[in-house]
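What follows is each chain in one-letter form.
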Amino acid sequence: MKKYLQIIKDTWAEYMMYRLNFVLWRVRMVMQILVVYFLWWAIFSQKQEFFGYTQSMILTYILLSSIVRTLVLGTTTMDIGDVINKGDLSNFLLRPFHFFHYYIARDIGDKLLNFTFAVVEITVLYFFLRPPIFIQTNIVTLLFFLAAIIIGTILYFFFSLIFGFLGFWTPDVWAPRFLSFVIMEFFAGALFPLDILPKPIFFISQLLPFSYFLYFPLKVYLRQLPIEMLLQGFAISIAWIIGLMVCAQVLWQKGLKVYTAEGR
Amino acid sequence: MVITVSHLKKFYQTHQKEPGFLGSLTSLVHRKYQTVKAVDDISFDIKEGELVGFIGPNGAGKTTTLKCLSGLLYPTSGFVSVLGFTPFERKNAFLKQIALVMGQKNQLWWDLPAIETFLLNKEIYEIPDAQYQKTLDELVELLDVRALLKVQVRKLSLGERMKMELIAALIHAPKVLFLDEPTIGLDVVMQKKMRDFIASYNQLHKSTILLTSHYMEDVRQLAHRVIIIDHGKILYDGKLDNLVKKFAKYKVLSVVLDTYVTPDKFKEIGELTDYNFPKVIIRVPRSASNVAAAQLLEKFPVDDLNIEEPDIEDIIRDVFSSNLK
Amino acid sequence: MQRYLRVYRKLCEMSLETLMAYRANFINSMGSSFAWGIFSFISIFLLTSKTTSVYGWKREEIILLTCAYSIMIGVFHTLFSRNFERMAEIINFAQLDTFLVKPMDSQFLLSMRWVNYTASTRVLLGIGFLFYFRRIIAIELNPLAIALFFVLLFFGLLLLYSIWFIVATFLIWSPRLSNLIELMYSVSGMTRFPGEMYKNASEYLFLFLLPITLIITTPIKFLVARASLFDVLSLLFFAAVLFVISRKLWKFALRYYTSASS
Chain V
1 MKKYLQIIKD TWAEYMMYRL NFVLWRVRMV MQILVVYFLW WAIFSQKQEF FGYTQSMILT
61 YILLSSIVRT LVLGTTTMDI GDVINKGDLS NFLLRPFHFF HYYIARDIGD KLLNFTFAVV
121 EITVLYFFLR PPIFIQTNIV TLLFFLAAII IGTILYFFFS LIFGFLGFWT PDVWAPRFLS
181 FVIMEFFAGA LFPLDILPKP IFFISQLLPF SYFLYFPLKV YLRQLPIEML LQGFAISIAW
241 IIGLMVCAQV LWQKGLKVYT AEGR
Chain L
1001 MVITVSHLKK FYQTHQKEPG FLGSLTSLVH RKYQTVKAVD DISFDIKEGE LVGFIGPNGA
1061 GKTTTLKCLS GLLYPTSGFV SVLGFTPFER KNAFLKQIAL VMGQKNQLWW DLPAIETFLL
1121 NKEIYEIPDA QYQKTLDELV ELLDVRALLK VQVRKLSLGE RMKMELIAAL IHAPKVLFLD
1181 EPTIGLDVVM QKKMRDFIAS YNQLHKSTIL LTSHYMEDVR QLAHRVIIID HGKILYDGKL
1241 DNLVKKFAKY KVLSVVLDTY VTPDKFKEIG ELTDYNFPKV IIRVPRSASN VAAAQLLEKF
1301 PVDDLNIEEP DIEDIIRDVF SSNLK
Chain U
2001 MQRYLRVYRK LCEMSLETLM AYRANFINSM GSSFAWGIFS FISIFLLTSK TTSVYGWKRE
2061 EIILLTCAYS IMIGVFHTLF SRNFERMAEI INFAQLDTFL VKPMDSQFLL SMRWVNYTAS
2121 TRVLLGIGFL FYFRRIIAIE LNPLAIALFF VLLFFGLLLL YSIWFIVATF LIWSPRLSNL
2181 IELMYSVSGM TRFPGEMYKN ASEYLFLFLL PITLIITTPI KFLVARASLF DVLSLLFFAA
2241 VLFVISRKLW KFALRYYTSA SS
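Residue numbers (our numbering), protein chains in the order written: chain V, 1 to 264; chain L, 1001 to 1325; chain U, 2001 to 2262.
Watch out, some of these pointers could steer you wrong.
Selected chain U positions facing chain V (Cβ under 10 Å, derived; list incomplete) [what the hints assert, rightly or not]:
| id | residue |
| --- | --- |
| 1 | 2033 |
| 2 | 2038 |
| 3 | 2050 |
Hints listed in this document are in silico derivations from the structure and should not be mistaken for laboratory results.
Source: prediction; values computed, not measured.
From the three backbone atoms N, C-alpha and C, an ideal C-beta is built for every residue, glycine too.
With the rest of the complex left out, here is chain V (with noise of 0.2 Å):
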């Protein structure tokens, strides 16, 4: 256990080294934020009501999408692809841990710092903005976000695991990977909460596993699903979770005994 502790204070160490290029990272955070938050307070501007949602809501989602993101979305995993590349996957064969765990380790770490991060954030725009936010006090609401969050990181990391795996096979893991980014900001519901799209096209999200990442914790947070769509929510990320993870088994495996067949 100790160990995965340190992978968490090495993580935190590395990141400390380029402060200056996570500062950036942050600041970059902050605009995106700024110029969504920006655009929804111009179209509350002519109306007070949008698609069902108040002007508190929306910008209750907008700034807590913020916070989710980093503990959601927030991984190392990125490099898994690179790591095998480059042949550097031998060393952790060779080393008394598991792989999965030593990404779970530093991703902890990952999330951990960028959370306390956008907290900070948002808290400090809460005072300049003063946007009228609408807190959650429900403890089983606050219960039911909880899970759905954590829900959302695992079927994360078991996404973002099997793009890093492509690398067993491929030399070019950025391009499907960047793909799935652009895919993911739009069917993730950063920009604006999925139920206003057309009612074929929202349907169509619900199925995929992108809406459980940041949409579904959300609207849970908002407490604006019927239970049947709580339900159905959880089934279907639990679903994919599973799906997610023993593909990204079979993965593991087979692609182990292709990179141990080339005596890298």
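Please build the complex by placing chains L and U on the supplied structure of chain V, with the hints as guidance.
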């Protein structure tokens, strides 16, 4: 004079940084600057067509000198003139006549055949078609890479890539060629090919070539004239033979024995540096070499005897270590 | 000069050949670029579907703005952005010397070395949507206006380029700040919204972002005949001034580079 360097100095500042967070904080406020004297008052002249070798240990100032001559560095003080130009002004007319080849800095486009980069350089250097074709053919023949011209650079071996880098650097037929550690990282066969190429190129084109190296073989094989540089200062500038005569304080007697003789018996002749029966290697002071040779032939069962100059490497090492004192 | 045009033509060819050498990557990049463009349009379309006016901008004008943004950013990414990313690498790995030794302007070589053809999908998308929405947008097409529009678009591009190049020049002093270039992508993204949006949020913010807000909104405002003389002059002024600054700063940075390195 194609190249004139007079009292060239290149100093630059570095600062120390203590490790850790406190160190970063202090370095924001108070920095201790140190002046590194990369090149400390050197002067030399080079005529057209000369092939000069700069030798020195790592950090001696060789690469810095080369960069000052090619315009990449702005000298701290002193006078530099190459082909009548002041290098650091980096005038186009100047740049079109020089070439700089540095080990790790490649200019070939990775995903395309090397010939594409040559064509790009043709446009950049405004080489007329006929001249381009002539130079290309000649270089390709000399380096024997005709078959590889249309192969993607990423698919070539290190040696083949180096040859292509050379062609890319020479396609505009520069009058002055700066080579920084041209044989580094190459295997023995490739090293020889590289040296042969440089020698042939120098002869064919009468271009002025300045190369830096820390390999003795490069200098031994190529440079008629050698400049030894250490800690930013020139220790010797002249012909290689003269270097030997001037600095070598001893000669080497290499002996092949007939029957076994115990090592200590050689003490009276000179310093025994290697004993691997039947071969013996003895060092004797230069002036005493003939006498020592005669003694050996007289008193020992010698099968074969050779009087040799010490290895240039050893000489130069001695020069450097005496420079440190 | 003719030589620069010939060299650039060769660079365009070489980028094209490199592109074709990697078919899978090519399709994937086109796909990403295309998907990104489509999603941007859907987002804007959706978000403005219930509104008639945002900060004095009618819905048709917002759509026009989005199309123009797609075209402009597409052109920018095709010609320049990959070069800025590579510039960060080149400076960080001390490969600048290869460029400085060539008898050509280093700012030119560094800014225009690679052409990213896949980004041209955004341009096509922009034009495509422009055509699709032409009935909604409905502006009078007067040849002089169109010509001036393109002139303003050119200056907008020049302004965007200059800002990026100035930022990238700072890498010479801090080569490890590669995230700075990534940040510029976000900053460029801010140009897609009407300047008035930022003004409304905060006067200070608006002042700070003033040059950026001019880049695309001014040409569009001109096209829909709502541009004030102040807007147009500001754009021209900033574009010219920042371009000159970018060149002077670059020369200054090179002097630092040649003096301080070894």
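Against the structure, the hints come out as follows:
1. 2033: Holds. Min distance 8 Å.
2. 2038: Residue 2038 of chain U check passes; min Cβ-Cβ to chain V is 9 Å, inside 10 Å.
3. 2050: holds (6 Å)
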